[in-house]
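Could you fit the two chains together into a complex? Lean on the hints.
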Amino acid sequence: MNKLKEIILVKNGELALKGLNRRNFEETLAKNIQKAAAPCGGVNVWRAQSTMYVTPLDSGADIEDIVSCISRVFGIAALSRAAEVEKSMDVILPSACTYLKDDLENARTFKVNAKRADKKFPLKSPEICAMAGEYILKQFPHLTVDVYSPDVTVTIEIRDTAAYLHKQPIRGAGGLPVGTGGRACVMISGGIDSPVASWMMAKRGLALSAVNFASPPYTSRRAEDKVRDLLRKVARWSGEIRLHIVPFTEIQEAIRDNCPEDMLTLIMRRYMIKIAQAIACEDGAQALVSGESVGQVASQTLGALVCTDAAANMPILRPVIGMDKEEIVEIARRIDTFEISILPFEDCCTVFTPKHPKTKPSLDKILLAETALENERICVADMIERALVNTAVEIIRSE
Amino acid sequence: MPCNESKRCFVLQKEIYLDNSATTRPSAQAIQAAVEMMESRWGNPSSTHAKGDEAAAALHEARCHVASALSAATEEIVFTSGGTEANNIAVFGAAAKNAKVGRRIVTTAIEHSSVLDSVAELERRGFEVIRLQPDRSGHIPSAAIREAITSDTILVAMMLVNNELGSILPMEEAVRAARNHAPRAIVHCDCVQAFGKLPVNVTRLGADTVTVSAHKIHAVKGAGALWKRKGLHLPPLTYGGHQENSFRPGTEAAPLIAAFGAAAIAAGDRAKMAARYEKVKALWEEARRRLVDIDGIVINSPDDGLPYILNFSTCCVKAETMLNHLSERGIFVSGGSACAKGEPSHVIKALGLPRDAADSAIRVSFCADNTAEEVRLLAETVAEGIRTLAHFQKPKPKKRENAEKI
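Same order as they appear, the protein sequences are chains A and B. The opening position of the first sequence corresponds to residue 1 in the working numbering, with each subsequent residue numbered one higher. The opening position of the second sequence corresponds to residue 400 in the working numbering, with each subsequent residue numbered one higher.
These are calculated hints, taken from the structure and not from any lab test. Don't be surprised by glycine CBs; every beta carbon is placed ideally from N, CA and C. Fair warning: there could be bad hints in the mix.
As the list claims (entries may be wrong) - Cross-link-like lysine-lysine pairs, in silico, DSS-like; alpha carbons within 27 Å at most: (1) A:K355 with B:K748; (2) A:K115 with A:K87; (3) A:K325 with B:K496; (4) A:K203 with A:K325; (5) A:K87 with A:K111; (6) A:K111 with A:K124.
Unchecked claim - A short list of chain A residues far from chain B (calculated; beta carbon distances all over 12 Å): (7) P141; (8) G182; (9) V294; (10) L305; (11) D309; (12) R334; (13) E346.
To be verified - Computed from the model, here is a short list of chain B residues facing chain A with C-beta under 10 Å: (14) L725; (15) E742; (16) H745; (17) T787.
One chain only, chain B, in its complex shape (with noise of 0.2 Å):
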């Protein structure tokens, strides 16, 4: 091992976990329900005898929960393997069901790219494609999204709240829109970053579609659900099988679904979201105070964005230093969804910032289970980082007069 590194690493006890837009530590309560499922009911859920009635039924309670928690009826989720499944087969379909009644899409350029990937491809099948830009702050302006939805627009692509800033999208605004211009419009919301830490009421959001994801909530990889509006008849993606309605077949992944029923009773629990929600904001507050203090930080999220997500600038370590400088320390945060060589994410992109402050954006995203203490440790390592990494000290006067007299 090279010196520098025995140097650098030192091994924290415990381990300081930032990344909970990432995905979060499952639950006790998921687990359980996940090993279960594999130890004793393992049937498959179509099978028509005991073995099978016993995942079925499983299958079922997990649904209630994920139900209950968007505050929806049962029959209108359909289980997928995550976020990015529901978001495919929730933009696909809906081209493919309005594909002779217009050709517009409507969403904004800070979506996750497993919609903007999606609504990329059917640009190049031939449909229009308005991409929203975000302000400063990242909020996408309600007039702009009133302006871009016309009579011909045939889906509208939103997130509730952005993965890499926090901050909150006017869904209502779009919905509204989508109503009043574009009466065949289907109206897609994903809420994968809002589940579990806003209320979701789908019936109040107003959406036809909206995708959750069991990871983000303390549940395992591997599962994910659509909520779809009852009435509503999208074609599936895939075909192969009667589960999910024929709509996503495949056998059900029963125990990453059981393990998201399972995190979904606390996910949606309106009294604990409201708990987590003070007790997260409190650190963020934290966080916000303790960053800015620290020279040359700037802060890219919105003051009135989702808590769980603060988004900020060191505008001198780039990100991927500050992440491995972090990372040696066990403080894990993430540098944006996709942080690259020299490539800040598109979100960043989207933002317009300044060079140095987009190479340098880190996300930290809470969850109820951190605390004031690890916020401290967090603030205390970015500084130490800045002081020892930055990537180009301001040359000392003197010296930089020497090398221009040579």
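Bound conformation, chain A alone (with noise of 0.2 Å):
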């Protein structure tokens, strides 16, 4: 028998629930898909009631390659892989031993599933599963029915078109379709958090933007590429990133030079906050995102929180903030970050840590030592400034 012809069919996840946006969401997914599959020869995405029927472009493309990169894509709740055949039972019966052999052979009991879309087609789907399970119990006589809770299901599908052949079903990357839900900018060190934090934020439809810190010479060029690293892994589920790097030593400096000590990692926070900020109005995101955790250093206490989160003006998302380190440890692993997290370089958060950080620190005292920043000899503004301007863009795309 030659070779069946594969296609890989998509269940939404939430989709369904989304009433009048239903339509926008569908079309960013099949985008989407697109996008993911287009390094395995790109593929065709059609609807037809929720499920999206991807073929492949290039007749030669291995099919599982392009199921691992829709694996990745938000807004699928499970996928699995078909069989096209012709429309009639001589093909199909044959067709589906051949195709479903494995899973067959491996399994105890089964049943068929009969979907007629096509309501032309001769037999009525009792009457297809009738005799397929004949057919099927004939080829492999170990096997049982078993309607409730089957370990292979069988599902034949009758289309207007062609008929389908369906594989187990995988699950999907869950969550919703990225970019449905606009653009947030998320604030990236290179730890363990932020990437995951990212990839959380992404698996809720947001696409992303983010910005790093970099201060040479007490942080490297080795740091900046692990950041580049981390984000490339992320964007194999989020699509592409626009990463802004921002010169920071400067304004780091000046807060070592002209704040108290334990007040510093606070105070640069806050700075970095109103930079990231400035960077998200400009790349049309509604937020930031940060992976911080409460209580998981002194700079990430509730009342430090207050502090860095008084710096800004719009929302910040810190998907990870009621996560044990464990449980995001458990995610990094999972997107492919936490090897490249552990790598030991310097970055802008560890530069200038203090001995004694304050961990319940108060508003008004940081806000009185950041007034050292702002007089006649030291304007912090305008470093902020310069640091805005000589911030390099890039886009950051999955390898």
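Written as structure tokens, this is what we have:
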């Protein structure tokens, strides 16, 4: 028998709930699927009811590669491979046995599920089920039928153009299609948490921009490359990310030289937020994303978060706020960023770490300390302006 | 490019390379030897035709040079891919050979990671590992060695010169203790940092196995050797062919080994070695003198160490920052073999330095090509770095008062 022509069936996740916006969601999802599969030769996507049909443009493409790319597209609940065959029971039955041979051989029970979208097809769904069940039992005599919890479900779908035999579905990435929720700007340092936070917000449908603060010579070129490598991993799920690298040395040194040591980190974070916000606005982002988790370090106590939030006038999304380090690490491993995150380079957050940072800071004291950066000798506003002018922008794509 | 970088980064006409314990610049002779092997004598040394014979002859020649530099017999030299592999073969080989005799391995806490990680793996497999701690200056006390080497010790693995501090370890003491108290013990000596700098005579050293590496003596990366005492049989780590007496099978990296041989001629020449030593010692003293003059700097290397390595701490600028600062000015040094974010190397940790000193430890390592002028520039640039980059400048008393009043 010739190699069967295969396609991929995609089940939308929460999309079905989205009422009038559904069309928009589906269109974005289709576009994202096409982009994700582009490296494997590209695909066509068409929709019918709540299923999307993904067909490879290149008939020689490796369907497994395409499945693996698409499995990282947010907005998909489940996906399965399917064989496209001629709409005749003489072809459908033997094809089903060949196509699902491995699954059926390794199963003990099965059932047949028929969907007849083409109402002109001569057999009705129950008749298809009965015929197919009998045929499969003859081919695989060790099997028994179990309609309640079968090991394998043989799905036969009759559409206008052709019949489809479904393989067992695998879980999709879940979430919502990237881009349907607007854009957010993630503050990424190079640690474990911020890539996970980025991934989680992309999962909820947000397109990503990213800001990294570089402080040469305290931080090195390799620290910047590390951030690029991390974002390349995240981009496998989120699609392309606009990365802004902000030269931050001047501001960091000014803070070090003019503010009390125990407030350094918080004051630094507040200026980072102000800068990130300006970049976010320019990029059309409506929120910042950070990898903070309550109480993880001194600058992430509730009191410290109050002080950092006061510097912001857009929401700061903190998806890992209530997670333990192990939970964050688990996701970092799953999205393959963990091994990069633990590379030992100084980053903007570790450069000037006070020995005894304030864990219960007072906003008033911090605001007063910041006045030392705003006088005839030092002008932090000018420094911010310079940092923004000299910020380098690049687009990060998955490899 | 961010403005800070352009402001800070000015290109020096000349690079100042002071990281010779990490690797060295290949000598003209080494490069020529490798190129010649690739251009004309590129046969497989195992081939039994003339093309193979040419390569085999070159390999033999290199073996003679390396053996002669170590005062060893030619057939005792086993070529490897470098120091790490040689240390692995020696440590795992000794453990496998002696596994039925005992489980005790004695080493130091300041070995190269290729020894430390190997013995850690053996520990997981049920061996007992004793890691001798250094004193504040990086010395391993002789008494501790004598005490640690008991009759059930099967392997003593110790370096001759520490790669981060330059301290010289009491190998003689270890060999004597092993021979007197642990007759079955195999004594392994990692001579990677000593080779070409101190006269290494394997017979006088008294060890059973010795590791050396090519790229630390102005040859190229990818070759090294294990000297194995004649008559000592160790099981191999890898299997596959008859090369290196089936002890280290695989087609030999003939060009790299030829370069190793060429570099070993100069490295082993005792007169040249003494001249290099004198020159480097003067540089070391000059560097030490200039650095201790800088406020806050402490020297971590011992005074009686090998003068090729000078380790110091600025106590106020993190090692990585100082490295970046020096690198931007064309001066290349090292922050220890495993400079990590907030994590000093295992050697620096073992010294038990205060946190500030440990976080800011810098290793300068010389070769005979370095000059006093380079040392002067190094000291000046370090001082400049301390002035501009100190992580916490002493808060002015007045400001602190203000902050407290708020």
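Quick rundown of the hints versus the structure:
A distance of roughly 19 Å separates the Cα atoms of A:K355 and B:K748; the hinted pair therefore holds under the 27 Å criterion. Restraint check: the Cα-Cα separation between A:K115 and A:K87 comes to about 13 Å, which is no more than 27 Å; the hinted pair holds. This hinted pair does not check out: A:K325 and B:K496 have alpha carbons roughly 44 Å apart, beyond 27 Å. Distance check on the hinted pair: A:K203 and A:K325 sit about 20 Å apart at the alpha-carbon level, within 27 Å; holds.
For the hint pairing A:K87 with A:K111, the CA-to-CA distance comes to about 20 Å; that is within 27 Å, so the pair holds. Only pairs whose Cα atoms come within 27 Å are accepted, and A:K111 paired with A:K124 is accepted, the gap being roughly 17 Å. No beta-carbon of chain B is positioned within 12 Å of the beta-carbon of A:P141; the least distance is around 48 Å. Its beta-carbon lying about 29 Å from the closest one in chain B, A:G182 satisfies the requirement of being farther than 12 Å from that chain.
Under the 12 Å C-beta cut-off, the non-interface status given to A:V294 relative to chain B holds; the minimum distance is some 22 Å. Listed as a non-interface residue, A:L305 keeps its Cβ farther than 12 Å from every Cβ of chain B; the least gap is roughly 21 Å. Taking the minimum C-beta to C-beta distance to chain B, about 21 Å, the non-interface status of A:D309 holds against the 12 Å cut. Under the 12 Å C-beta cut-off, the non-interface status given to A:R334 relative to chain B holds; the minimum distance is some 23 Å.
Here A:E346 does not stay apart from chain B, with its beta-carbon only about 5 Å from theirs, under the 12 Å limit. Interface hint at B:L725: satisfied, since its Cβ lies 9 Å from the closest Cβ of chain A, which is below the 10 Å cut-off. Against a cut-off of 10 Å between C-beta atoms, the interface hint on B:E742 holds, since the closest Cβ of chain A lies about 7 Å away. With a cut of 10 Å, the hint placing B:H745 at the interface with chain A is violated, because the nearest CB-to-CB distance is about 13 Å.
Interface hint status for B:T787: upheld, as the beta-carbon distance to the closest one in chain A is roughly 8 Å, under 10 Å.
When each numbered hint is compared with the structure, violations occur for hints 3, 13, 16.
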